[in-house]
Amino acid sequence: MNEDPRIRRLQFRAWHRGIKEADLAVGGFFDRYHTEWSEEEIQWFERFMDEQDADIMAWAMGVLPVPQEWQGAMWDKFAQLDFVEIGKT
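Each residue of the sequence shown is one higher than the last, beginning at 1 in my numbering.
Quick caveat, the hints were computed from the structure, so don't treat them as lab data.
In this text the structure is predicted, and so the values were computed from the model without any measurement.
Accuracy of the hints is not assured; some may be wrong.
As the list claims (entries may be wrong) - Here are the simulated distance ranges between beta carbons:
{"hint": "1", "residue 1": "Asp-53", "residue 2": "Lys-77", "range": "27 to 35 Å"}
{"hint": "2", "residue 1": "Glu-3", "residue 2": "Ala-58", "range": "32 to 40 Å"}
{"hint": "3", "residue 1": "Lys-77", "residue 2": "Asp-50", "range": "29 to 37 Å"}
{"hint": "4", "residue 1": "Ala-73", "residue 2": "Asp-53", "range": "21 to 29 Å"}
Glycine included, each C-beta is placed from N, C-alpha and C at the ideal position.
Working from the sequences, and respecting the hints, build out all of it.
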């Protein structure tokens, strides 16, 4: 477990979005990439956490265009959604 309260708080927020699909997308993204983020990328993610789940999912699915402020390398990784684990029943 990470001892940094900032990172622990971000992980909690990423996995407790309110919509299961957003939990999987945002939480999965955090878990996969946060250990390699720079300070600037952590700040991007902190701001990203303030967005609404419905907007994040619409952007990720291509239903709505991604606002300019989120475009870039971090969004490009997020939009791949290759970190979302889907369980088989």
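Hint-by-hint comparison with the structure:
Hint check: Asp-53 to Lys-77, Cβ distance near 19 Å, so the stated range 27 to 35 Å is violated. Range check, Glu-3 to Ala-58: about 35 Å between beta-carbon atoms, so the 32 to 40 Å window is met. The hinted window of 29 to 37 Å between Lys-77 and Asp-50 is violated, with their beta carbons roughly 19 Å apart. Between Ala-73 and Asp-53, the C-beta spacing of about 22 Å keeps the proposed range 21 to 29 Å intact.
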